[in-house]
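Undergrad: Starting from the two chains in their separate frames, assemble the complex, guided by the hints.
If you read the sequences in order, they're chains A and B.
In terms of full-length UniProt numbering, the first sequence has 70 at position 70, counting the first letter as 1, and numbering is strictly consecutive.
In terms of full-length UniProt numbering, the second sequence has 117 at position 117, counting the first letter as 1, and numbering is strictly consecutive.
These are computed hints drawn from the structure, not numbers from a lab.
Be careful, since some hints might not be right.
Example chain B residues on the side facing chain A (calculated, C-beta under 7 Å, incomplete) [said to hold, decoys possible]:
{"no.": "1", "residue": "L9"}
{"no.": "2", "residue": "I54"}
{"no.": "3", "residue": "E56"}
{"no.": "4", "residue": "N60"}
{"no.": "5", "residue": "P61"}
{"no.": "6", "residue": "F71"}
{"no.": "7", "residue": "I93"}
{"no.": "8", "residue": "L115"}
{"no.": "9", "residue": "L121"}
{"no.": "10", "residue": "L124"}
Yeah, the Cβ is synthetic: ideal placement off N, Cα and C, and Gly gets one too.
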Amino acid sequence: MFLLLPFDSLIVNLLGISLTVLFTLLLVFIIVPAIFGVSFGIRKLYMKTLLKIFAWATLRMERGAKEKNHQLYKPYTNGIIAKDPTSLEEEIKEIRRSGSSKALDNTPEFELSDIFYFCRKGMETIMDDEVTKRFSAEELESWNLLSRTNYNFQYISLRLTVLWGLGVLIRYCFLLPLRIALEFLSKHVHLMCYRICVRALTAIITYHDRKNRPRNGGICVANHTSPIDVIILASDGYYAMVGQVHGGLMGVIQRAMVKACPHVWFERSEVKDRHLVAKRLTEHVQDKSKLPILIFPEGTCINNTSVMMFKKGSFEIGATVYPVAIKYDPQFGDAFWNSSKYGMVTYLLRMMTSWAIVCSVWYLPPMTREKDEDAVQFANRVKSAIARQGGLVDLLWDGVDH
Amino acid sequence: MGSRASTLLRDEELEEIKKETGFSHSQITCLYSRFTSLDKGENGTLSREDFQRIPELAINPLGDRIINAFFPEGEDQVNFRGFMRTLAHFRPIEDNEKSKDVNGPEPLNSRSNKLHFAFRLYDLDKDDKISRDELLQVLEKVDVEQKMSIQFLH
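Okay, chain B solo, but in the shape it has when bound (with noise of 0.2 Å):
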């Protein structure tokens, strides 16, 4: 596993993905040699279908949506840098990272990046408003329990 992924990802590379992910080298390795495997197409890239080959996401009510994250606008296919970048945000703060770079730019796992990435999940057509609507299909698909208590929305 280890000695497959390191060889097509150049050193230059995972230390740029390091800087701006903050994964570390083994972490992004790991990463790289799942990237690889998910890549049936062998082009370097990822595309919608490469995900929805993935079991547990197909069921999951969400599903498309996060998939969807992953893609930049009008995009169909993500490589390597972008898939991490999208990881990213699900990495826990650390304590000791809060005071490391005051200046430099938020950090991708910040609280408030991990925020902008949830809403970026209800809003849609991004126009950075979540409508009514939006909000009534996300209900639906993550419709729990039966009977949904929709008063507040009146």
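Only chain A is shown next, with the shape it has when bound in the complex (with noise of 0.2 Å):
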């Protein structure tokens, strides 16, 4: 037992030192070049190196095979046949264009063999034609030292099976944990820019309910007054989102976000087509391990004071929902964004010049439509829900003109 001790405190010292080499390594390879959108062409370096090892790969198969004598891809196939580069089409007309040539010098007899060679051209065809072969996966010419692509190749010498076990070693793993710690980490930082965000405009956030917080698979519904309500909400959880594709500054954010997570963009003239958005909607929302959708049935920013009548289209797909109420104080600063008056820029100039944004988020408990209810009852439903709790009037009108 105190002999592990020395040992114990060594291991200990060398994970330590080794997880933050790999972690440097990770920050100054990957994430610095990846901010400012630098590559260091390790990449293509890499794919350089994996190349040339599968080319050195096949070749030391084609010796082996043909030590053995065994039948391998021929060199200009892409099949199991040896087959002359020229179509029978071309052959024919050859054939005929030399025949009549020499027609009264030495007559080429006809002979009973002479059929052969149709019925070669035939049998190949039958086999494997240029046209019909397009329609399926496309055959690999040389092993990419992958398991699952070899069906051809089979055990050749002692190096090449050694090259593989180092490969399988490598992808299972160097690779794979890498490609997870990337993933994970994303979410992360993802979450850290939302936060970023709130702090430089001086938001002051008070989250009430945290329990009933959304799950993946469901649809989070909340009251519009602002583009700055997807980042209160975004800064405490992870949310795929729905809107209309924008032109200027936000279509330029928008199109860093669909980089990160999968959100569902749509454009202005699909947006009125309310099947296309409702399909897809569902499709996202069945996926389970997708994240949860973050929706403003209002369908426009409302000054906060009321909430407008919903929009039923979200409420029809049948999934669970989410309400959220969002409720801004005034005194310290008006968060409403008159989209018809200002645009994007005097209204971010007007939020970071105000005092500080206070706001109270509400997450309600989760409802789901009833079976006597239809969509536009449940809509109303949930709609009161939010207006009670953010101690907003409850509407009836519509906000936008149809």
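TA: In structure tokens:
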């Protein structure tokens, strides 16, 4: 027991050092360039090395196959037969051309075995023709060291097996954890960015009832006052967003967000096509592993004194709805965005120059549509719940003209 | 390509085909995926139309006869076994096979079986003889040059 102690601390130290090194490498080589959009060219180098290795492996295999007299992929075919590269059409033309020119001199006589040629050609096309095979997955001419693609190459040599084993090791023990770590990290980075944004606006947000936070495979519904709603909600959880594709600054932000998470953006013209929208949302929701969708059913920004009629589209889908009420305290800064009066940049400026943004976010318990309720009634039910919680007036009008 | 084909073709079947035709494991899976890609009706058999859909076969002068060679007497569908059996005729003869199985049935790709196959392309009425008309019919189809020397027939 006592002997273990010095070794123990040694191991711990080593582990600590290696982890630190790994993280520094990760940071320097992956995250920093990603932020600045610069590439070190490491991936290109990686690809070039891989290609060289695959070519070598194939050469070894061909050599090995020749020694044992096996059948292998022939160089100019993509199939199991050795075919001449010219097609039947060309050969017939060629024969006809040459036949008529020497018609008088030495008439080539017909032989019974002449049909062999056509028979063979016909069989070749049955086995493998240029047109039909375009519709099936491509066969690799060289083996790329993944046993998934190895259906024609058998054990050839020890060196190759060792290389394959090394490849397996690298892929499972190095690349896989690295990729998982990056994915995990990206979620946190995402969250971090939103939190930074929130700090930038000096927002003081109070979250109530966080146990009711939306879960995967559901729809999160909230009343909409400003684009900042998005930031406020997203800094407390991961969502996939639904919205119109905007031009200008918003467009740039939207495109950047799409790269990080799967969101569902629509073109203006598509928004009018409710069925398409509903279909895409249903697909997203049914995938249980996808993030909850964030929807603002009022369709537009309201001045936060009331809640307008919710558009029924999002309630027709039939998924669990997690209502969220957002209420801003107008004393410190009016967060309402009147999109007809101000553009995005002006709005941001106003936000930045106000004292602070204080708001409260209430997560309400999840609701599902009951059997005898239709989408409109369900929407109204959710709306009243949000309005009641936020202390807002529950209106029946529509905020958007049809 | 490989994974889809091998799940639909059972191992015992594969072994039987291997024994009968002499193709290797990988060749059989390759041909099976070719079979399924030709089989547009997805009922596990090929009809004459499936073959005729191949463009290069349509311009082959002996295309119809080759297609007929796949279908046994009076039938309109060929399953994968039959398909492989016909294709097996075209497998190259390997030297080490000659001494393999002297007492058993002749392998499908033997020399005489290959010649039999070619003979059947001529013999349309399947009476085991090539009549003069049958020969002339093939001549017309395979008319490779304008002036045919047909003196030797008379």
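Undergrad: Now, for every hint given, state plainly whether the structure supports it.
TA: Right, here's what the structure says about each hint:
1. Restraint check, L9 of chain B versus chain A: the minimum CB separation of about 13 Å is more than 7 Å; hint violated.
2. At a threshold of 7 Å, the smallest CB-CB gap from I54 of chain B to chain A is about 5 Å, leaving the interface hint in force.
3. Using the Cβ-Cβ criterion of 7 Å, the hint placing E56 of chain B at the interface with chain A is satisfied: the shortest such distance is roughly 4 Å.
4. A hinted interface residue such as N60 of chain B counts as satisfied when its beta carbon comes closer than 7 Å to some beta carbon of chain A; here the least separation is about 5 Å, so the hint holds.
5. Hint on P61 of chain B holds. Least Cβ distance to chain A is approximately 6 Å, under the 7 Å limit.
6. For F71 of chain B, the shortest C-beta to C-beta distance to chain A is roughly 13 Å, which exceeds 7 Å, and the interface hint is violated.
7. For I93 of chain B, the interface hint is violated, since its Cβ never comes within 7 Å of a Cβ in chain A; the closest pair sits about 13 Å apart.
8. The restraint placing L115 of chain B at the interface with chain A is violated, with a minimum CB-CB distance near 10 Å, outside the 7 Å limit.
9. Here the hint on L121 of chain B is kept, as its CB sits about 6 Å from the closest CB of chain A, short of 7 Å.
10. For L124 of chain B, the interface hint is violated, the least distance from its beta-carbon to any beta-carbon of chain A being 13 Å, above 7 Å.
Hints 1, 6, 7, 8 and 10 from the list above are not met by this structure, while the remaining hints are.
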